[in-house]
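In order, the protein sequences belong to chains A and B. Just so we're aligned, residue 0 is where the first sequence starts under numbering that gives the first Met the number 0, counting upward by one. Just so we're aligned, residue 0 is where the second sequence starts under numbering that gives the first Met the number 0, counting upward by one.
Errors might be hidden in some of the hints.
Since the list gives no way to pick one copy over another, a pair counts as held whenever it fits inside one copy or between any two copies.
25 Å max Cα-Cα, derived SDA-like pairs, lysine to any residue [stated by the list, open to error]:
id, residue 1, residue 2
1, 239, 110
2, 6, 334
3, 239, 48
4, 60, 176
5, 6, 52
6, 6, 336
7, 6, 329
8, 6, 327
9, 239, 81
10, 6, 53
11, 60, 105
FYI, nobody ran anything at the bench for these hints, they're computed from the structure.
There are 2 protein chains.
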Amino acid sequence: MSLDTVKIAVLGCGTVGSQVVRLLAERGGDYAARCGAHVEVSGIAVRDIDAPRPDWIDRDKLTVDADALIDDADIVIELIGGIEPARTWVLRALRAGATVVTGNKALLASHGPELHDAARESGASLYFEAAVAGAVPVVYGLRESLAGDRVEGVLGIVNGTTNYILDQMATHGWSYDEALARAQELGYAEADPTADVDGLDAAAKCAILASLAFHTRVGIDDVAVEGVRSITPADIAAAKRAGGVIKLLAHARRVRTDEGEAVSVHVAPTLVSTANPLASVSGAFNAVVIDAEAAGRLMFYGQGAGGVQTASAVLSDVVAAATHIAHGGSAPRESAYESLPILPASQVTGEFQLRFAVPDRTGVLAEIAGIFAAHGISIAALEQTCEDDTESTLTLTTHHSTRSAIDAALDELTHTDSVTRVIAVMMREA
Amino acid sequence: MSLDTVKIAVLGCGTVGSQVVRLLAERGGDYAARCGAHVEVSGIAVRDIDAPRPDWIDRDKLTVDADALIDDADIVIELIGGIEPARTWVLRALRAGATVVTGNKALLASHGPELHDAARESGASLYFEAAVAGAVPVVYGLRESLAGDRVEGVLGIVNGTTNYILDQMATHGWSYDEALARAQELGYAEADPTADVDGLDAAAKCAILASLAFHTRVGIDDVAVEGVRSITPADIAAAKRAGGVIKLLAHARRVRTDEGEAVSVHVAPTLVSTANPLASVSGAFNAVVIDAEAAGRLMFYGQGAGGVQTASAVLSDVVAAATHIAHGGSAPRESAYESLPILPASQVTGEFQLRFAVPDRTGVLAEIAGIFAAHGISIAALEQTCEDDTESTLTLTTHHSTRSAIDAALDELTHTDSVTRVIAVMMREA
Numbered sequence: 000m001s002l003d004t005v006k007i008a009v010l011g012c013g014t015v016g017s018q019v020v021r022l023l024a025e026r027g028g029d030y031a032a033r034c035g036a037h038v039e040v041s042g043i044a045v046r047d048i049d050a051p052r053p054d055w056i057d058r059d060k061l062t063v064d065a066d067a068l069i070d071d072a073d074i075v076i077e078l079i080g081g082i083e084p085a086r087t088w089v090l091r092a093l094r095a096g097a098t099v100v101t102g103n104k105a106l107l108a109s110h111g112p113e114l115h116d117a118a119r120e121s122g123a124s125l126y127f128e129a130a131v132a133g134a135v136p137v138v139y140g141l142r143e144s145l146a147g148d149r150v151e152g153v154l155g156i157v158n159g160t161t162n163y164i165l166d167q168m169a170t171h172g173w174s175y176d177e178a179l180a181r182a183q184e185l186g187y188a189e190a191d192p193t194a195d196v197d198g199l200d201a202a203a204k205c206a207i208l209a210s211l212a213f214h215t216r217v218g219i220d221d222v223a224v225e226g227v228r229s230i231t232p233a234d235i236a237a238a239k240r241a242g243g244v245i246k247l248l249a250h251a252r253r254v255r256t257d258e259g260e261a262v263s264v265h266v267a268p269t270l271v272s273t274a275n276p277l278a279s280v281s282g283a284f285n286a287v288v289i290d291a292e293a294a295g296r297l298m299f300y301g302q303g304a305g306g307v308q309t310a311s312a313v314l315s316d317v318v319a320a321a322t323h324i325a326h327g328g329s330a331p332r333e334s335a336y337e338s339l340p341i342l343p344a345s346q347v348t349g350e351f352q353l354r355f356a357v358p359d360r361t362g363v364l365a366e367i368a369g370i371f372a373a374h375g376i377s378i379a380a381l382e383q384t385c386e387d388d389t390e391s392t393l394t395l396t397t398h399h400s401t402r403s404a405i406d407a408a409l410d411e412l413t414h415t416d417s418v419t420r421v422i423a424v425m426m427r428e429a
Numbered sequence: 000m001s002l003d004t005v006k007i008a009v010l011g012c013g014t015v016g017s018q019v020v021r022l023l024a025e026r027g028g029d030y031a032a033r034c035g036a037h038v039e040v041s042g043i044a045v046r047d048i049d050a051p052r053p054d055w056i057d058r059d060k061l062t063v064d065a066d067a068l069i070d071d072a073d074i075v076i077e078l079i080g081g082i083e084p085a086r087t088w089v090l091r092a093l094r095a096g097a098t099v100v101t102g103n104k105a106l107l108a109s110h111g112p113e114l115h116d117a118a119r120e121s122g123a124s125l126y127f128e129a130a131v132a133g134a135v136p137v138v139y140g141l142r143e144s145l146a147g148d149r150v151e152g153v154l155g156i157v158n159g160t161t162n163y164i165l166d167q168m169a170t171h172g173w174s175y176d177e178a179l180a181r182a183q184e185l186g187y188a189e190a191d192p193t194a195d196v197d198g199l200d201a202a203a204k205c206a207i208l209a210s211l212a213f214h215t216r217v218g219i220d221d222v223a224v225e226g227v228r229s230i231t232p233a234d235i236a237a238a239k240r241a242g243g244v245i246k247l248l249a250h251a252r253r254v255r256t257d258e259g260e261a262v263s264v265h266v267a268p269t270l271v272s273t274a275n276p277l278a279s280v281s282g283a284f285n286a287v288v289i290d291a292e293a294a295g296r297l298m299f300y301g302q303g304a305g306g307v308q309t310a311s312a313v314l315s316d317v318v319a320a321a322t323h324i325a326h327g328g329s330a331p332r333e334s335a336y337e338s339l340p341i342l343p344a345s346q347v348t349g350e351f352q353l354r355f356a357v358p359d360r361t362g363v364l365a366e367i368a369g370i371f372a373a374h375g376i377s378i379a380a381l382e383q384t385c386e387d388d389t390e391s392t393l394t395l396t397t398h399h400s401t402r403s404a405i406d407a408a409l410d411e412l413t414h415t416d417s418v419t420r421v422i423a424v425m426m427r428e429a
């Protein structure tokens, strides 16, 4: 039988887009055999036709007329990033009934509902494996592999830049600034590292993961975020003493409140016990741990960034999309039927490690412990280490408590003379 | 709109089947929201209606008439295991156009082509996530998440029983027999442990993984198998000295030969370097590492057995199947277009660690090294440790070589007086 040809428009020809174009050409025979259809790049929309490109890019396929390209495509691969013009182009494609494959986490985390609605109305498919954790197939994992289960929590290292920085601080004893400079030298961090180091990139991915895990619309603004700029070598040393390492984690959890179930989502530097499989995920690798009612604990691990690695995720979506076009079927529809409420940042719960500078006199521990007890916070461990004759460091580890209770206790403590200074407040994961 | 009802026949009501039935009842509302169809167990086929069952099993649904149940079902879940009557029933369902969801690795690894052909002829769907590695979604991983990539190798801990036994031997210094007895006490090993400890269970999973990874029909008889019965505490101590641990691994690899590409598949106890993420997979956990051309290295990790955990995998397939029934689409078809030749066991290649007892005299090392060189085997490391005045142990580590070259060198060596005894021959993974 003769196979149909599926026309693909590629929007953007950067590190990921150029690899997608290369693999579509080199592996076209494989894709045809797998999809039952020929996949063919009909054009590549770029801003500047004359910019330097890898030699495998066919310059005749470059165009600045994205609209014309989209209108003639069966599948539109959006890899330009950012909100506009990506949003307008993706909506144009979906409204025309074309399948969209995107790696744009910021767009999904800020305009996901609009995109999903457009897809539903026209019957178009929307794929986004590449938007979270590069080559790690965690979108498939949540949308399909766990479709028969009930997810309780998702915990992930989803930003390679900060993982690399924290890793280097721990390995070499570097300051945050030294580790950032090294990451920038090696190209692991951008000149303006804000999106990575302030946790915004991780927050967008956290929102996408939480949406899938809890069948609830979660946007980036729902995610409480804390980045890694303020992490010090002393924090890392304290983590090591506590038998752990510091990782920037995306936390998404189903929690029970007095009003029923809710979703807790936040990104924060977290003291991870070395017994946790996430503790040994180093360098630019990503890993996502999913706890589900029936499956128990699963982990997905792999390369979280890189042009060719992310291209693998894009192309898995392209093969699924082309197969559906050839044989029927569609991408899983948005599933938001649970519509759980999302807890405000102050209601985030977890275990915390707090470090204080305290004066070296009797009665300090008793007063501090008393204030925590009064705020309903249960203490798991207390350790005092002497720095000099007049000041000690007190490390306090809590059982599960809410961030607001912790903050209230801290507020009261700083009005006593039992605490000289709050050194750090950090979440913990066993 | 009113939803369709999808009728499900469950064949088998053991540890996995009973959990599937429970979750279908308890989570029915979730499944309806996710699939766009009600899923309803129409009956459960069992051998003995009167056997004791968990209290959530509705006895009115039990039947011994599997044929009637199958003929009336939209989805048939086969969880009886073994070849017959599973094969006959699965074929009956597929030929009638019903979707089959199975966890039966033995059936797939020995009659996979027959099942896939039947599915293709009638247009039926065949799902089998639960057949490999319990809750770990590695069938999805290979069939869908890596559909746009080119898999180079799959390396997996896919048998929890042997992983537990090897773990206990390493932790407590136990013999194989002691560790097996403990595993049997705890219910991790069966009274007749043959399928696990001789590597047959792992070989079936290896065949399934290799089929998916290389788009080639691979059956259990294609897989060279070595089990764990002969592993000694001395082997484990030698592994520790070499910076590793022993794991029973399923190896499936795309290899280049003079005639082109081929598939190498085998199951063998393997010395795994502690730097490899598989080294830290302990107890009854399973993990599968996939190396792909674009994605690089991915790892999937989770619980490889257990009724409720495996039920999660079954139910993900049920949700996919019911969604397709409600909205169109089908399971990915068998993809065997690459049809690569499969190497015979003697052509298995890898790095090896060999240990010999050698007499304590000069010239021994030179003679041994000379024989390996003559067989074209490149030596990576040689270490001699003295046991007493007259005998030493020589540990020899090779670079990549074929099993047949190793065997030929060993054969020649045992005809010299440079080797008293071959203690162990083991594969290595960095």
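For each hint, the structure was consulted:
1. 239 <-> 110: neither (40 Å within a copy, 53 Å between copies)
2. 6 <-> 334: Result: close only across copies, 23 Å inter versus 28 Å intra.
3. 239 <-> 48: Neither, since 51 Å and 58 Å both go past 25 Å.
4. 60 <-> 176: Close neither inside one copy (43 Å) nor across copies (66 Å); limit 25 Å.
5. 6 <-> 52: Answer is within; shortest intra-copy Cα gap is 22 Å, inter-copy 55 Å.
6. 6 <-> 336: between (33 Å within a copy, 23 Å between copies)
7. 6 <-> 329: Result: close both inside a copy and across copies, 17 Å intra and 22 Å inter.
8. 6 <-> 327: Both: 16 Å inside a chain and 22 Å across chains, each within 25 Å.
9. 239 <-> 81: neither (38 Å within a copy, 50 Å between copies)
10. 6 <-> 53: Cα proximity of residue 6 and residue 53: one copy only (22 Å, versus 54 Å across).
11. 60 <-> 105: The answer is neither: 27 Å in one copy and 49 Å across copies each exceed 25 Å.
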